[in-house]
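Participant: What follows is each chain in one-letter form.
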Amino acid sequence: MELFGYSIWSFVGMAAFLVVGPIVGCLLAGLDRKLSAGMQGRVGPRIRQPWWDFRKLWGKEDATVNGAQDLYVWLYLIFIVLAGMAFFAGANFLLCVFIQTLGALFLILAGYASRSPYAELGAQREIVQVMSYEPMVLLVAIGMFMATGTFEVNSVLTADVPMIRWLPLIFAGLLYVLTIKLRKSPFDISMAQHAHQEIVRGIVTEFSGKTLALVELSHWYETVMFLGWIGMFAMWGGGWVAAVVAVVVALAVWFLEIVIDNNFARVKWQAMLKSAWWVALILGGINIVYLIFV
Amino acid sequence: METIGVGTIAFLVLFPMLIAFIQLLVRDDRARTFITVIGALVIACAAVFLAYEFVPLGSQKFAINSSVAELLGYVMLAIDVLLCLYIIGKGIAHKKYIAIILAIVQLCLAVYVDLFVADGIAVSHALYVDDLSVIMALIIGIVGSGIAVYALGYMRVHEAHNEGKDRRNVFFAVMFAFLGAMFGIVLFNSLTWMLCAWEITTVCSFALIGYTRTKEAIDNSFLQIVLNLIGGIAFTCALFWIGNCYGVMELDKFLAYSLTFSENGYTLLVDLPLLLLALAGFTKAAQMPFHKWLLGAMVAPTPTSALLHSSTMVKAGVFLLIKLAPCLGFNLPGYIVMIVGGATFLFCALAAISQSNAKRVLAYSTISNLGLIAACAGVGTDGAVWAAIFLVIFHAVAKSLLFLCVGTAEHHIGSRNIEDMDDLFERMPRLARLMSIGIMGMFVAPFGMLVSKWAALEAFAQSENVILILLLVFGSAATFMFWAKWLGKILAIANSGEEDVELTVSTSEWVSLGLMTVLTVGCCVGFPLISQAVVVPYLSGVFNNVSAAISSSDLWIMAVIAIVIAVVFLGFTGATKKKVVPVYMAGIGTDFKDRKFLNSFGGELEATQRNWYMTEFFDEKKMSFVGIVVTLVLLVGSFGFAAQTVSAQENVLNDINAEHASYEQSIWAQGGADFPLYMQYYQYYQSYYEQNKSTLQQQMNVYSMDEFMNMLYMQMYSQQMSNSSSSSSSTGGSDSAGGASDTSDGATSTQGGGM
Numbered sequence: 007m008e009l010f011g012y013s014i015w016s017f018v019g020m021a022a023f024l025v026v027g028p029i030v031g032c033l034l035a036g037l038d039r040k041l042s043a044g045m046q047g048r049v050g051p052r053i054r055q056p057w058w059d060f061r062k063l064w065g066k067e068d069a070t071v072n073g074a075q076d077l078y079v080w081l082y083l084i085f086i087v088l089a090g091m092a093f094f095a096g097a098n099f100l101l102c103v104f105i106q107t108l109g110a111l112f113l114i115l116a117g118y119a120s121r122s123p124y125a126e127l128g129a130q131r132e133i134v135q136v137m138s139y140e141p142m143v144l145l146v147a148i149g150m151f152m153a154t155g156t157f158e159v160n161s162v163l164t165a166d167v168p169m170i171r172w173l174p175l176i177f178a179g180l181l182y183v184l185t186i187k188l189r190k191s192p193f194d195i196s197m198a199q200h201a202h203q204e205i206v207r208g209i210v211t212e213f214s215g216k217t218l219a220l221v222e223l224s225h226w227y228e229t230v231m232f233l234g235w236i237g238m239f240a241m242w243g244g245g246w247v248a249a250v251v252a253v254v255v256a257l258a259v260w261f262l263e264i265v266i267d268n269n270f271a272r273v274k275w276q277a278m279l280k281s282a283w284w285v286a287l288i289l290g291g292i293n294i295v296y297l298i299f300v
Numbered sequence: 110m111e112t113i114g115v116g117t118i119a120f121l122v123l124f125p126m127l128i129a130f131i132q133l134l135v136r137d138d139r140a141r142t143f144i145t146v147i148g149a150l151v152i153a154c155a156a157v158f159l160a161y162e163f164v165p166l167g168s169q170k171f172a173i174n175s176s177v178a179e180l181l182g183y184v185m186l187a188i189d190v191l192l193c194l195y196i197i198g199k200g201i202a203h204k205k206y207i208a209i210i211l212a213i214v215q216l217c218l219a220v221y222v223d224l225f226v227a228d229g230i231a232v233s234h235a236l237y238v239d240d241l242s243v244i245m246a247l248i249i250g251i252v253g254s255g256i257a258v259y260a261l262g263y264m265r266v267h268e269a270h271n272e273g274k275d276r277r278n279v280f281f282a283v284m285f286a287f288l289g290a291m292f293g294i295v296l297f298n299s300l301t302w303m304l305c306a307w308e309i310t311t312v313c314s315f316a317l318i319g320y321t322r323t324k325e326a327i328d329n330s331f332l333q334i335v336l337n338l339i340g341g342i343a344f345t346c347a348l349f350w351i352g353n354c355y356g357v358m359e360l361d362k363f364l365a366y367s368l369t370f371s372e373n374g375y376t377l378l379v380d381l382p383l384l385l386l387a388l389a390g391f392t393k394a395a396q397m398p399f400h401k402w403l404l405g406a407m408v409a410p411t412p413t414s415a416l417l418h419s420s421t422m423v424k425a426g427v428f429l430l431i432k433l434a435p436c437l438g439f440n441l442p443g444y445i446v447m448i449v450g451g452a453t454f455l456f457c458a459l460a461a462i463s464q465s466n467a468k469r470v471l472a473y474s475t476i477s478n479l480g481l482i483a484a485c486a487g488v489g490t491d492g493a494v495w496a497a498i499f500l501v502i503f504h505a506v507a508k509s510l511l512f513l514c515v516g517t518a519e520h521h522i523g524s525r526n527i528e529d530m531d532d533l534f535e536r537m538p539r540l541a542r543l544m545s546i547g548i549m550g551m552f553v554a555p556f557g558m559l560v561s562k563w564a565a566l567e568a569f570a571q572s573e574n575v576i577l578i579l580l581l582v583f584g585s586a587a588t589f590m591f592w593a594k595w596l597g598k599i600l601a602i603a604n605s606g607e608e609d610v611e612l613t614v615s616t617s618e619w620v621s622l623g624l625m626t627v628l629t630v631g632c633c634v635g636f637p638l639i640s641q642a643v644v645v646p647y648l649s650g651v652f653n654n655v656s657a658a659i660s661s662s663d664l665w666i667m668a669v670i671a672i673v674i675a676v677v678f679l680g681f682t683g684a685t686k687k688k689v690v691p692v693y694m695a696g697i698g699t700d701f702k703d704r705k706f707l708n709s710f711g712g713e714l715e716a717t718q719r720n721w722y723m724t725e726f727f728d729e730k731k732m733s734f735v736g737i738v739v740t741l742v743l744l745v746g747s748f749g750f751a752a753q754t755v756s757a758q759e760n761v762l763n764d765i766n767a768e769h770a771s772y773e774q775s776i777w778a779q780g781g782a783d784f785p786l787y788m789q790y791y792q793y794y795q796s797y798y799e800q801n802k803s804t805l806q807q808q809m810n811v812y813s814m815d816e817f818m819n820m821l822y823m824q825m826y827s828q829q830m831s832n833s834s835s836s837s838s839s840t841g842g843s844d845s846a847g848g849a850s851d852t853s854d855g856a857t858s859t860q861g862g863g864m
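Residue numbers (my numbering), protein chains in the order written: chain A, 7 to 300; chain B, 110 to 864.
Calculated from the structure, these hints are not laboratory results.
Treat the hints with caution; some may be incorrect.
[Said to hold, decoys possible] No more than 20 Å apart at the CA atoms, straight line, and that leaves these computed lysine to any residue pairs for SDA-like:
hint, chain 1, residue 1, chain 2, residue 2
1, B, LYS705, A, LEU127
2, A, LYS274, B, PHE727
3, B, LYS687, A, ALA69
4, A, LYS216, A, GLY73
[Claimed, not checked] Okay, the calculated beta carbon distance ranges per label pair:
hint, chain 1, residue 1, chain 2, residue 2, range
5, A, GLY245, B, LEU166, 31 to 39 Å
6, B, SER709, A, ASP68, 25 to 33 Å
7, B, VAL742, A, ARG48, 53 to 61 Å
8, B, MET823, A, VAL300, 44 to 52 Å
9, A, SER42, B, GLY523, 48 to 56 Å
10, A, LEU262, B, ILE697, 40 to 48 Å
11, A, SER42, B, GLY631, 24 to 32 Å
Remember, predicted model here, so these are calculated numbers, not experimental data.
Glycine is no exception: its CB is placed at the ideal position from the N, C-alpha and C atoms.
Generate the whole structure from the sequences, applying the supplied hints.
Facilitator: Okay, structure coming up:
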């Protein structure tokens, strides 16, 4: 079935991400806190805690340092959602990547707009985060193109073998930068906190109430989209079996991220930038050379 | 059509020259304003007229009456000589001996090539228009003229700060002459004429850079002239080679012959002229290792920088490279252009991170983007050239917008340092929005630069060139860094009620700024249309099986997002219904503009913050050094290789000359078929002929290869005649070559079946 020349499944994917995406993201965020607490020997909050946090933030008094900042946060949310919808519609992967980068830029601008010393520093660090992961993400796209002959995400649905067969090193590289993208330790540099408190927390320092709630919502969307990228590597034209495998792989990677988050101390930005670029250069470069020769 | 074409081209080249001459004589400011505005409008309209007339027609070539052409040839030679003498004179006055030596070499070469090489070669079409030259003409005519209008207001303020003699008449004259010469570069098919226009742009930018006559300006203008004379000499040497070995002096024929020669294995013959022309392109487009002149050019008044960066000078360099693109690809010159371009893209993007001077950031970003365009031209596939052309378009509009913004900001906040642009959003609210659009236009989706980069990425992935891919992905990351931190800086809001200093910005500046903004957003919105209307048609004339590199549905998504962002940035006020609270300061805030606060001991502290320059990684000198070493080694190595093979080329030349002689005798030449086409068939059927010699003799009475070639032509020609009589009418001589090549597949299959 087709609508406006697109498969009906594209629209199902978009709608599913729009509606189910934040629910899944919220549950994952709750599970994250539960699992992290377990690893740290605590009981931790209930799984639905992020949802309660979100509602509490939404109900807070409306206060802001300026109107521009709120606008940029809205744009951040909108473009992250658009990027995710493009991805789950099976559209061009680069389209997804570039719209996602646009979203990331608006979060950075929101940080700068406040002109708070803490938020500004966070924004500057977030730029370094983007700069660190960008080469690897582009190499993922290029690897995908060289392996499948197209940037279209839905091409993996008809592939004979999962993409990871051709892109093992690029997959490993993506895992490395995923920690940067999710701003998890050891690469949670832009979200680093003022000593012992969460109020002064990097780029989000000056966000409060609804604005902060929107940032949380965007994070949920982001998490689901990034896990979608991971799942894409394990997907092939194998029907439900393939879908289950992809979801399992994505969840396993997500669990790995939590383990890493809980076992590493934050590093300096120099270490992040250097290591991420070396990873991209070596893993990405070797994998692409491999693709040229097979 | 012929008269309209020749007339329009002549007007586009000569009218700016006329305006330049008038400008030289006018010293009154109001008269100057009048002449500049009228001149700019007429030039822009003429460029639009050219597009209106020739986009529907596609590629057209025009012949010029041979006696007129001869006369013009001597005029151009005289201009060449005068330009060299001017440089020599200036060099003597300022004791710049390298420039003098290079100018003398250039003078001798140009005279020799014009009088002894080009003289005996007939130029059948001295002028041409195709979709690429239309695009370039629109950029020159609209963006270039817009900058000239902007310069009115800017130079008035500039002159007010200047104690010396008011030399604005010279400034405006050179600007218009520059535009005229640029039209020449993109519309002349005759290579000697193109060389003349090429040299005029070199000298015009020399004059513009040295305009302020400070020691720094003069030193930098000589740096420019020295590097560009190297390019000019390379260009002239290329003409020497082309004239001697190819026997032609036309750009289209040179490109067609080069393709045929390299397809037939005569790469030795093709590599050297392509490398020489690429070198000329590199110098003009400020590619590493020649990039320093464009940085030096930053001392000039801002309209000069805007002109050099967006619509003239550097665009001439990449225009030439894009023209060469079909002959590049996976051959020696192709690799050189790819890697020099790619390395320039990466190292200049990295160096830009370490810069706080806005104009230097813009300069590095220009060089970096030109590198990307060069790399695309080097890859030489249809997708890559598609990306290259769009990069040229979007870079022209977004970069001129940015230069004009920086120039205006500099006059009103008294600094071109990005660190001083803190809170520009409050101090110059309208300008900051335009600057934001310009900056976003340079590096993020949905704006054209990024979408073109997307196409480049796809083309590089297709070409499977791992080095180029790596250069591109790291360069892109660096690009994000230096733009995002600048954008963030100007969008910060301190709520401190600062004075609005943009009320004194002149009308001419606002008009040009508005024009560039409309163009920046408009080109993004019209992206799919531009692709369909001009870029894809151009590519179809040059490559087989062309399609747009990015699907039009994706382009439309980008167009919609571009509109949204433009509306948001131009429309929103920053007002909010929420309660406005001060930012957190780790103490009691006392002054939010300077971020002062009382600490826990009661003392006042100031929180200061600079952007990140990461000099420990991306030091300018280090990046520059590495880039220069890499590109210089490549260039020297490739020329060494090409020069080494020159000695081996004599046999090749003899072969080609023999073939050319038999071509002249054959009915191919009489029927109007091109020599390259003849050569293609000759090469293709030679072995067939050798194998079937006896059969051919017995059954067809064919006793030599030449007779066989004639027979082939007869077959194709008769087939074409029957085709054209059965379908639409044929349009005469010049078409028969194209017709013959169209039916070549048919002819081949008939041959195979018949024997």
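Participant: Is A/LYS216 close enough to A/GLY73, meaning Cα to Cα at most 20 Å?
Facilitator: OK: A/LYS216 and A/GLY73 at ~13 Å, within 20 Å.
Participant: Do A/GLY245 and B/LEU166 keep their Cβ atoms within the hinted range of 31 to 39 Å?
Facilitator: violated, 54 Å
Participant: A range of 25 to 33 Å was offered for this pair. Does it hold for the Cβ distance of B/SER709 and A/ASP68?
Facilitator: holds, 30 Å
Participant: Would you check the hint for A/LYS274 and B/PHE727, treating anything up to 20 Å between C-alpha atoms as holding?
Facilitator: Roughly 17 Å between the alpha carbons, so the hint for A/LYS274 and B/PHE727 holds.
Participant: Take the C-beta atom of B/VAL742 and the C-beta atom of A/ARG48, compute their distance, and say whether it sits inside 53 to 61 Å.
Facilitator: holds, 59 Å
Participant: Does the Cβ-Cβ separation between A/SER42 and B/GLY523 fall within 48 to 56 Å?
Facilitator: holds, 52 Å
Participant: Does the beta carbon distance between A/LEU262 and B/ILE697 stay inside 40 to 48 Å, or does it fall outside?
Facilitator: holds, 45 Å
Participant: Assuming the hint says 44 to 52 Å, is it satisfied by the Cβ distance from B/MET823 to A/VAL300 or not?
Facilitator: At roughly 49 Å between Cβ atoms, A/VAL300 and B/MET823 fall inside 44 to 52 Å, so the hint holds.
Participant: Taking only the CA atoms, is the gap from B/LYS705 to A/LEU127 under or equal to 20 Å?
Facilitator: At roughly 16 Å apart (the allowed maximum being 20 Å), A/LEU127 and B/LYS705 satisfy the hint.
Participant: Next pair to validate is B/LYS687 with A/ALA69; report whether the Cα-Cα distance is within 20 Å.
Facilitator: holds, 5 Å
Participant: Would you say the C-beta atoms of A/SER42 and B/GLY631 sit inside 24 to 32 Å of each other?
Facilitator: Once the Cβ atoms are compared, 50 Å apart, the range 24 to 32 Å for B/GLY631 and A/SER42 is violated.
Checked against the numbered hints listed earlier, the structure breaks hints 5, 11; every other hint is satisfied.
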